Amino acid sequence: MLGLNKKDFSLLIVVAALAFFAPIILNIFPKDSALSFFNGGYPDLMQRFAIFGIFAIGFNILFGLTGYLSFGHAAFLGVGSYAAVWMFKLLSYNVVPAIILSVIVAALFSVVIGYVSLRRSGIYFSILTLAFAEMSYRLAYSVLTPLTNGETGLQVYTNDPQILKGDGPSVPHLFGLEMRARTELDIGPWEFTFPVGYYLCAVILVISFYIAIRIFRSPFGLTLRAIKSNQNRLRYTGMNPKPYMLTAFVISGMYAGLAGGLLAAMDPLAGAERMQWTASGEVVIMTILGGAGTLIGPILGAGTIKYLENVFSKMNEGLLHQWFSFLPDFMEDGVIWVVSKFTGEGWHLMLGALFMIVIIFLPGGLIEGGQRLMNAIGMGKKKDEQSNSAKSEPAE
Amino acid sequence: MGSFILQILNGLDKGSAYALIALGLTLIFGTLGVVNFAHGALFMIGAFCAVTLSRMLSLSFEEVDPTKTDFLGQPLVVKTPYVYDWFGPEAGAAIIDWAVPLAILMAIPIMIAIGFIMERGLIKHFYKRPHADQILVTFGLAIVLQEIVKANFGANPVPTPAPTAFQGSFDFGIWLGFDPNIIIYPYWRMVYFAFAAVIIGGVFAFLQFTTFGMVVRAGMADRETVGLLGINIDKRFTIMFGLAAAVAGLAGVMYAPINSPNFHMGMDFLVLSFVVVVVGGMGSLPGAVLAGFLLGILESFASMNEVKSIIPGIDQIIIYLVAIVILLTRPRGLMGRKGVMED
Amino acid sequence: MSAAALAPVLQKLYGNERSAYHLTADYTWGWTQQESIQAATEALGWKTVNNVLTPLAQTDFSSYIAPVLNSGADVLVLNHYGGNMVNSLTNAVQFGLREKQVNGKNFEIVVPLYSELMAKGAGANIKGIVGSQNWDWKLEDEGTKAFVKSFGTKYGFPPSQAAQTCYAQAMLYADAVERAGSFNPCAVAEALEGFEFDGLGNGKTLYRADDHQCFKDVLVVRGAENPQDEFHLVEIVEVTPVGQVTYAPDHPMFAGGELGQCNPGA
Amino acid sequence: MGILEVKDVNKRFGGLKALSDVNLSVQENTVHAIIGPNGAGKSTLLNCLVGKLIPDTGSVMFDGKSVLGRKPFEINQMGISRVFQTPEIFGNLTVMENMMIPLLAKRDGAYRLHAIESIDHEKDLVETAEQMLKDVNMIDKRNMHSASMSRGDKRRLEMAMCLVQNPKLLLLDEPTAGMARADTNNTIDLLKEIKATRDITIAIIEHDMHVVFSLADRITVLAQGTPLVEDLPENIKGHPKVQEAYLGEAH
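Residue numbers (our numbering), protein chains in the order written: chain U, 1 to 396; chain Y, 1 to 343; chain S, 1 to 266; chain C, 1 to 251.
Just so you know, not all the hints are guaranteed correct.
Said to hold, decoys possible - Here are the simulated DSBU-like pairs of lysine-lysine, each with C-alpha atoms no more than 30 Å apart in a straight line:
hint, chain 1, residue 1, chain 2, residue 2
1, C, LYS106, C, LYS168
2, Y, LYS79, Y, LYS68
3, S, LYS138, Y, LYS308
4, S, LYS138, Y, LYS79
5, S, LYS138, S, LYS149
6, C, LYS123, U, LYS6
7, S, LYS127, Y, LYS79
Stated by the list, open to error - From chain Y, some residues computed to sit far from chain U (all C-beta separations above 12 Å):
hint, residue
8, ARG55
9, THR80
10, GLY88
11, MET190
12, PHE195
13, ILE319
14, TYR320
Said to hold, decoys possible - Residues of chain U placed beyond 10 Å of chain S at every Cβ, according to the derived structure:
hint, residue
15, TYR141
16, VAL143
17, GLY150
18, GLN162
19, LEU174
20, SER340
21, LEU366
Read the hints as simulated data drawn from the structure, not as lab findings. The model shown is predicted, which means the values in this text are computed figures rather than measured ones. Here a beta-carbon is modelled for each residue, glycine too, at the ideal position from N, C-alpha and C.
Working from the sequences, and respecting the hints, build out all of it.
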């Protein structure tokens, strides 16, 4: 169906269902229960799941398929955001032209940066992409301030032209449908929020995912995997790896631009910090955490990181005391001392440790972890062979 | 002319920090074939060795002085460092004053130990893994190390001054026949440069003139063959990792007075030092040192008003620009060997 | 604002005939800060020798500081904040600028805006450096005393201005919500427009309706030469009354543009 | 006129003269072996044919067109496929996927963006690949991860990948190097079958005389970068110059 085989189609359905029902699934705990702390179903976080999911899907097309590790993809996300906000400033708050332009601008940037960076491979490629991204970041903060509004961030002012605005809303909207509009649904102790902005992101996420599946299964995707495997053989087989690499680079750059455009559509503000190399590092972490080269891994990785970031960073000591109050005092203090190092402000420690554990023990990411778990409990033994060839292609 | 000389001095000094870090990175890469993204963190830990020692030396006992009050209006608690009590106030003050140079003694064993633990506990499992995995696991380690330091020392920079004897600056200009105040340079930065030169010279001499070093150099050139000769190259490589960690750590100890150490300083240097290594040529020790000084000097020139007025913002991007140009024109960096890290 | 507060003190301390060399963090905050301090000092009769922009990501400022002495300037103004300021000030002192004599005067360093946290990061280098602050725990009013007492009892050290700001803002917000009778951001904004209050330690404070700027007394401080303990890093030189720092809402340099319409969100 | 004409090719590496005045003519639909002691320049010559090296002087014409200055993928597109000394395959891919790449290259050229249609829908290519796998007795391994196969199987797969492109010229670089006798014989049988069933020219570089004399129609002996003799196999066997060259190597 839709040009997919049965297995891929069911994967797409799963992702679509997860995306569609996320506001319910993520708010599974009743709002007054102690566990409601772990709910992630608020609009801002859900939008981030979807947007960074798109970013990671795109990054995976480059890194997962070809093995080229770019340390500068945040630059494309950044220019995507700037392009979108410029569209808001010049035309109107309608998100459609903004998102389209963000993809186009990111594509142009990635053609230039990709063309130069792809002249080298291995760590040299990584350093080149890193250098370009750092240059973009630093210039956006300083010399390019007329274009980027520097550290204040690019935003829409009332005296901006907005030539197509007319009587339209003064917030980002989709042909009049405001991004921040939402429907709330109370069922007994549960409370669910269905935001418009999230659903726009979710629909785009599902489409992006669908396109990614098609790319993975296409002759182009196969060629990219062949590039990762043996460029030398590929050249003597009559293919020119360079344009394939560049295409993959540009496609992943466009995904990043799309993610940047969506970030701006959710909150019409674009800042240079989105382009810093640490932001590029984040998408690498997401992709690998989930499982580079797998279809669904990057989405999982993005979701996991954004969820942990939100949940762990808001755990403070007061909350921990509440939770561990059942322990005897001396143990409570000990446990809290340890846990507090990994939560709240210390959540980066948790991130670093988690990331190390995944790289050491699960080079295939969470997906591999899931598969091993399935195998361990005797399920999916049969599926293993199939999924090896069809789905999971660990980082290397 | 004066400002030109001044910026060369600046560049040499900046370059010594880059060169020291890049040297350690290259030792690890050249011998073990591992790309260590946690190397910046080792530099940072070195700087915090200086902080720790100066805090340990300042450990104090408390006495209540009823004649004075503190900010809440309660009797003032006066803290006196134990060293004052043991050695008398003057000698005690001198010891605290010399905390940073003394920290070198403390840092060497600590850094070597950290290097050993890192290599045996983590890195050795990654020799056969792809470079991307090495980069990523050491990146994770760098985050963990810097977060541990942040949890213990806070997020703010910790001022760690040089000994009083080395504070202030020296007027080079007079010495070279210029007017006063034209070419001045801080004493401590000159110490740093000299220190870097000694360390770099020491490492090269060690590799050049000891049998140990010869084996390691041979191993850098062709690991398998040396392994076949029945030499336990792994053990030597562990030692090399310890040595590289010590070089990074010492670079950090001595850097503490130049910029107050903070938990993030490793990451700040990491990206730069990778650029330095790549520009020098992965796996080439002289390349790393040369590129360190070259980039330091170029960075200093780019920050000159005369240059900035022609190309605004050039100081923001000079390092990266140079890196891109060198990588495109000399694919293996300035002194890189063929076939290193190209897959 | 800090510039307007600082200028009279600078005049008193360093006279009218000074040449200033500016190092400015290369981003919007740095630019505006530099612009206002330049205007204020030039009004005193100071000359501006040079203004050099430094990258925000810079950690070692030596190559920017090295040419200062040779430029003929006798004052270095560091328009840096946070980590930038800690490092640039540390570097400047390393270069021995404060021990030098230029044009027959002692060379001086000015940091227009700094906080205790930054002073702590700069350590001994902050000694004698003049700058401005929002608030300081050594103020003598009742609000400050009460806050310092309860904060100091709980944490064992006096509150920083950041702590005071957080506390004061939370109080103000709570009060505004109460007065507005609503959490609606527009209602809260309206409750704060033109609101004037006192007693939180900052003296009489006004949230001007025209441009939503906050006006209050500004402290001019100086790094203590011989701090009696680790908490007395800075000493208050002067409290510049609010009247001296107030400017017209349409002041060409500070005008923030129109406020736009309030958007209550979803 | 042969299908491959090498004229007066010279190649130096610094002070070392790797090839001097090499002339070689490979006739269509023959097996032409190039033999010679170590360091005779066989690999250098091969690399000049496939675009990895460019000769300092001379010309290399294939099918009436010069290959000089062309990149390896362009030369492959002209109809030259190459088998390496150690099998070069796509280790991350399955056997079937390995087969698809050369077919795509053959049909679509050096670059064509096919990013949407599934590879499984390329029915024609899949059939061709399956037929080829049947021909080399590998059809039962079609879904195997190619990196996990034996060296012999990898060699066969690589050969299949080259043959499936229907090249005009197949270059074999010591195809039996490091193989056990049984595997070597299998390879010889495979090559014989290819020779019998296809219109194909094969140029083979080989050490193993057994292989050479089982297959070759003509043999060129290379020593110190220069062709010594070119003749029929039976004439090569007892040729004094050849013996000298090989004995010279032994000493």
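Status of the hints after comparison with the structure:
1. C/LYS106 / C/LYS168: The hint holds at about 12 Å.
2. Y/LYS79 / Y/LYS68: 13 Å, holds
3. S/LYS138 / Y/LYS308: 43 Å, violated
4. S/LYS138 / Y/LYS79: Given that 30 Å is the threshold and the Cα spacing comes to 22 Å, the pair holds.
5. S/LYS138 / S/LYS149: The hint holds at about 11 Å.
6. C/LYS123 / U/LYS6: 18 Å, holds
7. S/LYS127 / Y/LYS79: It holds: about 21 Å lies between the C-alpha atoms, which stays within 30 Å.
8. ARG55: Y/ARG55 is indeed farther than 12 Å from all Cβ atoms of chain U, at 20 Å.
9. THR80: 30 Å, holds
10. GLY88: Answer for Y/GLY88: holds, closest chain U Cβ roughly 39 Å.
11. MET190: 30 Å, holds
12. PHE195: Its Cβ never comes within 12 Å of chain U, the nearest being 28 Å, so this holds.
13. ILE319: The assertion about Y/ILE319 is violated, with a minimum of 8 Å to chain U.
14. TYR320: Per Cβ check, Y/TYR320 is inside 12 Å of chain U; nearest 4 Å; violated.
15. TYR141: Given a closest Cβ separation of 5 Å, the condition is violated.
16. VAL143: 8 Å, violated
17. GLY150: 4 Å, violated
18. GLN162: 12 Å, holds
19. LEU174: Per Cβ check, U/LEU174 is outside 10 Å of chain S; nearest 15 Å; holds.
20. SER340: 17 Å, holds
21. LEU366: Holds, since 34 Å exceeds 10 Å.
Hints 3, 13, 14, 15, 16 and 17, counting from the list given before, are not met by this structure.
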